[in-house]
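Protein chains: 2
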Amino acid sequence: MKIGIVGLGLIGGSLAIDLHALGHTVLASSRRASTCQQAIAQGIVTDASPDLSLLTAAEVVFLCTPLGAIEATFNQLAPHLSPDTIVTDVGSVKQPIVAAIAPRWVNFVGGHPMAGTAESGLDAAQPQLFAGNPYVLTPIATTPPQALSTVSEVVRSLQSQLYQCPPADHDRAVAWISHLPVMLSASLLTACIAEPDQSVLELAKKLASSGFRDTSRVGGGNPELGMMMAQSNQLELLRCLELYRQSLEQTIHSIQQQNWPALEAQLNQTQHARPEFIKRPPA
Amino acid sequence: MKIGIVGLGLIGGSLAIDLHALGHTVLASSRRASTCQQAIAQGIVTDASPDLSLLTAAEVVFLCTPLGAIEATFNQLAPHLSPDTIVTDVGSVKQPIVAAIAPRWVNFVGGHPMAGTAESGLDAAQPQLFAGNPYVLTPIATTPPQALSTVSEVVRSLQSQLYQCPPADHDRAVAWISHLPVMLSASLLTACIAEPDQSVLELAKKLASSGFRDTSRVGGGNPELGMMMAQSNQLELLRCLELYRQSLEQTIHSIQQQNWPALEAQLNQTQHARPEFIKRPPA
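Those sequence lines, one after another, are chains A and B.
Using the numbering used here, read the first sequence as starting at 1 and increasing by one per residue.
Using the numbering used here, read the second sequence as starting at 1 and increasing by one per residue.
What the hints contain is simulated information worked out from the structure, not anything from laboratory work.
Take these hints with a grain of salt, some might be off.
Given that identical chains are not distinguished, each listed pair holds provided it fits within a single copy or across any two copies.
Claimed, not checked - SDA-like cross-link-like pairs, simulated, lysine to any residue; straight-line CA separation at most 20 Å:
id, residue 1, residue 2
1, Lys279, Gly221
2, Lys205, Glu276
3, Lys279, Asp214
4, Lys2, Leu54
5, Lys279, Leu54
6, Lys279, Leu201
7, Lys2, Gln246
8, Lys279, Ser209
9, Lys205, Ala131
10, Lys279, Gln146
11, Lys205, Gln161
12, Lys205, Gln164
13, Lys205, Ala168
14, Lys2, Pro66
Because the structure is a prediction, the values reported are computed rather than measured.
So here's chain A without its partners, still in its complex pose (with noise of 0.2 Å):
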């Protein structure tokens, strides 16, 4: 098959690692000239430029920009392709990507590989990098069978986790395991460092092991990326930290009450319904 890729950082780099070592044609753009040189050295491309026309030959193309220049990106893209061509695109937001790009192309698949490192970057792709990871595909009532199956295909073939979704489903899933936590990790670290006393901020930074450490790590993480799904998934994110709210208030209401049935009854629900979570589909 004929394959491009827009945009060569981690994603779109590791899609081209692997699509092209699995024998297709793969062509990939990225804006700076430097970048579509060292896929090129690297044979991990058939051919790349910052010149968006070398897709024009492409069956199926990737928009694998970040989340916030993948509408720009395509409109740069469109009048390069055939209406034939599949595209889809690898952001992690998907309900206004599919609300801006499906009603001008009909031969468009959201997509979300939820993968990735804490690297960036074309020198940070890596093969089989979405090997045994989850990818999400959302078509709509719209979308037709022969685009979804060919991107299937596709996800397939990179021995991910093909799951397939509404957008909206995509979103308020995310929100929930990803988007929600980031920002119930940074209240944590955001009320610790509020803490008046000095002496016991001081003490609390010395004495925090595994559980402090885990409990914040997201939220002490790239603030880029807390913002982009602050900004991109604001409805449903709120409607998760809504639930959450009303949630911890349950949690401080038994401590306060000291009502113990129900906060037993609380941590046994949720050592029982953690496994359900961290489980992952074998390969």
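Based on these hints, arrange chain B on the given structure of chain A.
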């Protein structure tokens, strides 16, 4: 030195291993005769018996029973000790223990070794469990300097990071870094599983990865541990929960109002603050 240990679980057993290896005479007591026999057979104690009178000869005694049993253990032990004997404990909350024992035993020094594993019992005991980890002592105005310096010396010989503070400071600091994280992490799980849309909940379970795994870890842990924290450190925990609730409200408010500069300032601050809680002084 002649050192007594009451309670041969993970902490008591690991103390026995290190202190016996350091050449001390270790006299241990466990309610179960079989545990005493096991400790003798493993060569980690000089002698062990369910009979507390074995500890009459001890110069320093570590109370290593579970938090809820420490006061009762002291009550049973006290008639067997001479008033010169220095008594310390390993309970994870200090105000109630110190308030209960210090008025009745002048040579008492509250203590909390902040080390552990997911396992418990003598089988989980290991050498060097305390090495490089914090060990907090909580003397009060009436604590004899000689008692404090003797316990400090033993603690330092375990290669622990020794800290000293009033019992209230300890309880407040552990509320921040250990007890609060459990409650907000449990509240996250409680909120998730209350998601009314079953298909979203099922998708969330499938998509959850490292961020959710880390943030939910302590909230999905042993319910007994969470109950112990809430019951024994209720007031300090509620104080932290109240400050956390305010911090969460502020985060929600920024997102609701699309006050992106405020959210960005917060996330920059938490990214900057977290390393202060994560670094450890060199051993």
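Check: How would you label the pair lysine 2, leucine 54 (within, between, both, or neither) given a Cα cut-off of 20 Å?
Finding: Answer is within: at 11 Å inside a copy they meet the 20 Å cutoff, but 81 Å across does not.
Notebook entry, point to check: Checking lysine 205 and alanine 131: alpha-carbon separation at most 20 Å within a copy, between copies, both or neither?
Noted result: between (38 Å within a copy, 18 Å between copies)
Note to self: Within a copy, between copies, both or neither: which one fits lysine 205 and glutamine 161 at a CA-CA cutoff of 20 Å?
What the structure shows: between (40 Å within a copy, 13 Å between copies)
Notebook entry, point to check: At most 20 Å between C-alpha atoms: does lysine 279 with glutamine 146 qualify within a copy, between copies, both, or neither?
Noted result: Answer is neither; intra-copy 32 Å and inter-copy 53 Å both fail.
Margin query: If the cut is 20 Å between Cα atoms, do lysine 279 and aspartate 214 qualify within a copy, between copies, both or neither?
Written below: Both: 18 Å inside a copy, 13 Å across copies.
Check: How do lysine 2 and glutamine 246 come out at 20 Å by Cα distance, when the copy is not named: within, between, both, or neither?
Finding: Neither: 50 Å inside a chain and 54 Å across chains, both beyond 20 Å.
Margin query: At most 20 Å between alpha carbons: which applies to lysine 205 and alanine 168, within, between, both or neither?
Written below: between (40 Å within a copy, 16 Å between copies)
Checklist line | Copy assignment of lysine 2 with proline 66, given that the CA separation must stay at most 20 Å | finding: neither (23 Å within a copy, 65 Å between copies)
Next item on the list: Measure nothing new, just compare the shortest in-copy and cross-copy C-alpha distances for lysine 279 and glycine 221 to 20 Å and report within, between, both or neither.
Entry: between (24 Å within a copy, 16 Å between copies)
Checklist line | 20 Å Cα threshold - placement of glutamine 164 relative to lysine 205 | finding: Intra 43 Å, inter 14 Å, cutoff 20 Å: inter-copy only.
Next item on the list: Go through the copies and call it for lysine 205 and glutamate 276: within, between, both or neither, with a Cα cutoff of 20 Å.
Entry: Classified as between: cross-chain Cα gap 6 Å, same-chain 32 Å, threshold 20 Å.
Checklist line | Within, between, both or neither: lysine 279, leucine 54 at alpha-carbon 20 Å | finding: This pair counts as neither: shortest intra-copy Cα distance 42 Å, inter-copy 49 Å.
Violation of the numbered hints given earlier is confined to hints 5, 7, 10 and 14; the remaining hints are satisfied by the structure.
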